[in-house]
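A.B. asks: In the order they appear, the protein sequences are chains A and B.
Residue -16 is where the first sequence starts when you use our numbering, and the numbers rise one by one after that.
Residue 1400 is where the second sequence starts when you use our numbering, and the numbers rise one by one after that.
Derived from the structure by calculation, the hints contain no laboratory data.
Check each hint, because a few of them may be wrong.
Said to hold, decoys possible - Restricting the straight-line Cα-Cα distance to at most 30 Å, the calculated cross-link-like pairs of lysine-lysine (DSS-like) are: (1) 262(A) to 1653(B); (2) 1748(B) to 96(A); (3) 212(A) to 229(A); (4) 1748(B) to 1512(B); (5) 1408(B) to 96(A); (6) 1586(B) to 361(A); (7) 96(A) to 1512(B).
Said to hold, decoys possible - To spell it out: a stretch of chain A is covered by chain B in this simulated footprint if at least three of its residues, at any positions, have a beta carbon under 8 Å from a beta carbon of chain B; those stretches are: (8) 100 to 111; (9) 237 to 249; (10) 318 to 328.
Even glycine gets a Cβ: it sits at the ideal position worked out from N, Cα and C.
Now for the letters of each chain:
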Amino acid sequence: MLSILRNQKVRGILFQLLTVIGLVAFLWYIGTNTLHNIEQRGIRTGFAFLDTTAGFAINESPISYSEASTYWTVFEVGVLNTLIVSFWAIVLSTILGLIIGVARLSKNWIIAKLASAYIDTFRNIPILLQILFWYNVVLATLPPPRKSIEFFNSIFINNRGIIVPKPIFGASGIYVVVGIIVAILAVYFINRWLNKRQEETGEEFFFLPWGILILLVTPYLFYLLGPDKIVWNMPHLKGFNFRGGKVFSPEFLALVFALTIYTATFIAEAIRSGIEAVKKGQKEAATSIGLSPYQSLKLVVLPQAIRIAIPPTINQYLNVVKNSSLATAIGYPEVVTVFAGTALNQVGQAIEMISMTMAVYLVVSLLVSMLLNWINHKMKIKER
Amino acid sequence: MVYEKVNEKPAPITSKGIIGWLRENLFSSPLNSAMTFLGFYFLYLIIPPFVKWAIIDAHFVGNSRADCTGTGACWLFIKAKLDMYMYGFYPLDLHWRPNTVYVLFGVLILAFKFIKNNMAKIVLFTLYMILVFILIRGGYFGLSVVDTNKWGGLMLTIIVAGVGIIASFPIGIVLAFGRQSNLPIIKSVSVTYIEFIRGVPLITILFMSSVILPLFFPEGVTFDKLLRALIGISFFQAAYIAEIIRGGLQSIQKGQYEAADAIGLSYWQKMLLVILPQALKVAIPNLVGSFIALFQDTTLVLIIGLFDLLAMVQLTSSDIHWLGFEKEGYVFVTIVFWVFCFAMSKYSKSLENRFNTDLK
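Bound conformation, chain A alone:
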């Protein structure tokens, strides 16, 4: 009998069996307790509440929302706001992170020091503190609407946020969208053809500026083809506040600024370590076969650096989405604030509502990790 217990396979199975029993017992324990508690406190269960009227207002919504909307709409508004704020923070922090990361490696002493001071300062201050600082100190001390800081009589900055003219696309909107798609496809295929030609004939072509030009001009040309022109909805002062235009609220701005500044430090570090990870021998080899500094950067250094820098950068994007949940401290209506906060307080079905909120983030991180796997697969060094 004892000798069976010493068999590693048997022990493995036994150990796993014990784990399963323990886990099931634990789940059964908390399950029955929960059911009992829910019954005792008269908490309803199920997802029927999603169809009932929420009855509270949300001050920022990308889709039409009113107090008569259902809790499901509240959920949708929350998720969309999470995605919107994350999108802006990701775009801006990538740009800022790229600049800081490259500046960090600059040969110019003051620029390199400034960049590294930036990184050391902002990555060591908690993100929630930064959000609250922007919201309660910087944006709250801006002048009231009547004394707005204004640019060109069309952009206004005050304590209600930043208000800019809002373009209203008529029937031309669809033309612009088509134009963007055409431009992207054109750039993609031209680039592919150029690469192929370079491989076959050795002829090079510096496509980057042309690519950007195509991306910018094509949508505009398509817009000119359209039947009508863009109408700009201009903000104007009426009473004590502005009407019209696109308003970026202080909550939104505080969140985007803080997330951008904080995340950029991590992206900058990822980019720096990517570039530094390329061994000196690679650059020397590139120089010795006669490549120019630009060619060496484009053909030798960057392809290797990007491979190292992209995975941590994408992880930072995921962190942006997760950190956007801190908006609940300043009341920006993203999913944690409106659904796991306001709506939860009204409905009280904590288990369902927090699970739904968590599911949003889990889906995002699942998508991101699929993207990462795909990129890693694509970028794997192709060996013979």
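Chain A is already provided as a structure; the job is to place chain B on it using the hints.
C.D. replies: For chain B alone, kept in the frame of chain A given last:
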């Protein structure tokens, strides 16, 4: 013919000394010069106004807000509210207890400088946290009990971070072993847990532990608000610790496992005596990194209604005698957090360099 040694000429004045350094590092090309001026202009925009506000125009003496007259910072506010920032609502006559904790914390940091053994560090830190608990909460050795709702400020921040570090460590190690295990059920349970926790933000875990956790237990079992936050943070941090230790485990060569098996060690002997010490050594810089993240994350407890250091800013600046000094409060708290995090990150850098020596 006699050859005489000709002394080398000195380097041209433009390529040595201060001028050479300036040429090389600041003005090597027109573009570089422009960047340099831009950099200095940027510094000029930021530093003088800040120094003016924080030091030159600031008020340091006096004891009420009437003494703050000019446009500079009013540090009197911090002076008046320092007790709140340091101890929260902790009874005034018992402040010697948190003070002892702070002093011991300094001693601990000093001790860490001299102790090289990692296991000893972990044991020492655990002992410290037990001592902190006894001192702050009381109830033993004739110390009177202080309720957790009186805890606050920097004291609470350190307690939350410290408990989070200690409690998450063993859970993290078990999870990391589980993920590396070749037993399918153990492995999938660990992977599910780790990926689930890493996929959601801490705030949802905190909401869960403060709202759902009480439902999991029979009536009559009540959890303190602080305890619920600590449970949430520890289980959250454990998943991150697990991933870092797994990284360390993966760097251990297969030969180490085989050698341990060959001399007849059991699984736990093998893992605890051979593999883990080596894995920890590799993982320590990243572990410190995750402790920095945890220290920053402790600020989130303010969202579920605990009064940590950051929460004190809003609390103290809503005092009717001291309205409108949020800026000073935030700057003060920022400096405190920054000093802690920066010190830890420098420590992790130095560890990294020390461990790197045998790889170079």
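A.B. asks: Run every hint past the structure and note whether it holds.
C.D. replies: Comparing the hints with the structure gives:
1. At most 30 Å may separate the alpha-carbon atoms for a hinted pair to count; residue 262(A) and residue 1653(B) meet this at roughly 28 Å.
2. About 18 Å separates the Cα atoms of residue 1748(B) and residue 96(A), which keeps this hinted pair within 30 Å; it holds.
3. Simply put, residue 212(A) and residue 229(A) have alpha-carbon atoms about 19 Å apart, close enough for the 30 Å limit, and the pair holds.
4. Taking the CA atoms of residue 1748(B) and residue 1512(B), the gap is near 14 Å; set against the 30 Å cutoff, the hint holds.
5. With a C-alpha separation of about 34 Å, the suggested pairing of residue 1408(B) with residue 96(A) is violated against the 30 Å cut-off.
6. Among the hinted pairs, residue 1586(B) with residue 361(A) is consistent with the structure: their alpha-carbon atoms are about 28 Å apart, no more than 30 Å.
7. Between residue 96(A) and residue 1512(B), the direct Cα distance comes to roughly 28 Å. Compliance with the 30 Å bound is thereby established for this hinted pair.
8. A count of 8 residues in the stretch 100 to 111 of chain A with a Cβ less than 8 Å from any Cβ of chain B is obtained; the coverage claim is therefore met, three being the minimum.
9. Against chain B, the stretch 237 to 249 of chain A contributes 0 residues with a C-beta closer than 8 Å to a partner C-beta. That does not satisfy the three-residue criterion, and the hint is violated.
10. Against chain B, the stretch 318 to 328 of chain A contributes 3 residues with a C-beta closer than 8 Å to a partner C-beta. That satisfies the three-residue criterion, and the hint holds.
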